[in-house]
Amino acid sequence: MTAARVWSVTSTTPTEDDARAIARAVVADRLAAGAEFSGPAMSVFWHLGELGEGKEWRVTLRTSAAVCDRLAARVAELHPWDSPEVTATPIEWCLDSYAEWIERTTAASE
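Going by our numbering, the first residue of the sequence shown is number 3, and it counts up by one from there.
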């Protein structure tokens with residue numbers, strides 16, 4: 003198996019406006035080729051010594067292997083929470099044309 007060329011970076015935010023702001027900023031910076039956000043979704047979590055529950059918006063970003071770390075760092079920098087969820091998952095398979103578009107788009111950020 004070859005190394006993943008395309009990565010999916012995901013985070014959650016407290017509001018739709020926060021999700022949109024992160025999505026627009028990282029796509030404008032060419033750290034992500036595209037973004038989707040959806041919600042709200044209900045979340046259950048442990049925070050500050052208590053069981054919590056609330057609504058969150060999910061942001062999913064598509065990027066290249068070359069800038070994945072920079073994208074994750076930028077999401078964390080833009081995020082309103084001190085310790086946000088920011089995860090990255092390799093896309094094991096996609097069309098070559100899709101991977102090439104993502105690599106071309108994000109190469110402009112380098």
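These aren't lab readings, by the way, just hints derived from the structure by calculation. Keep in mind that this is a model prediction, so the values were computed, not measured. Quick reminder that beta carbons are idealized off the backbone N, C-alpha and C, glycines included. Possibly wrong hints are sitting among the right ones.
[Unchecked claim] Derived CB-CB ranges, DEER-like:
#1 98 x 53: 38 to 48 Å
#2 95 x 49: 20 to 30 Å
#3 43 x 95: 45 to 55 Å
#4 55 x 12: 16 to 26 Å
#5 50 x 79: 14 to 24 Å
#6 30 x 53: 17 to 27 Å
#7 106 x 51: 44 to 54 Å
#8 94 x 17: 27 to 37 Å
#9 52 x 102: 26 to 36 Å
#10 72 x 97: 36 to 46 Å
[As the list claims (entries may be wrong)] List time: in silico SDA-like cross-link candidates among lysine to any residue, alpha-carbon distance up to 25 Å:
#11 57 x 12
#12 57 x 87
#13 57 x 37
#14 57 x 46
#15 57 x 67
#16 57 x 99
#17 57 x 95
#18 57 x 68
#19 57 x 41
#20 57 x 32
#21 57 x 78
Each hint, compared with the structure:
no.: 1; hint: 98 x 53: 38 to 48 Å; result: 46 Å, holds
no.: 2; hint: 95 x 49: 20 to 30 Å; result: 36 Å, violated
no.: 3; hint: 43 x 95: 45 to 55 Å; result: 26 Å, violated
no.: 4; hint: 55 x 12: 16 to 26 Å; result: 20 Å, holds
no.: 5; hint: 50 x 79: 14 to 24 Å; result: 22 Å, holds
no.: 6; hint: 30 x 53: 17 to 27 Å; result: 37 Å, violated
no.: 7; hint: 106 x 51: 44 to 54 Å; result: 47 Å, holds
no.: 8; hint: 94 x 17: 27 to 37 Å; result: 32 Å, holds
no.: 9; hint: 52 x 102: 26 to 36 Å; result: 47 Å, violated
no.: 10; hint: 72 x 97: 36 to 46 Å; result: 24 Å, violated
no.: 11; hint: 57 x 12; result: 16 Å, holds
no.: 12; hint: 57 x 87; result: 14 Å, holds
no.: 13; hint: 57 x 37; result: 20 Å, holds
no.: 14; hint: 57 x 46; result: 9 Å, holds
no.: 15; hint: 57 x 67; result: 31 Å, violated
no.: 16; hint: 57 x 99; result: 36 Å, violated
no.: 17; hint: 57 x 95; result: 32 Å, violated
no.: 18; hint: 57 x 68; result: 33 Å, violated
no.: 19; hint: 57 x 41; result: 8 Å, holds
no.: 20; hint: 57 x 32; result: 29 Å, violated
no.: 21; hint: 57 x 78; result: 19 Å, holds
The earlier numbered hints that this structure contradicts are 2, 3, 6, 9, 10, 15, 16, 17, 18, 20.
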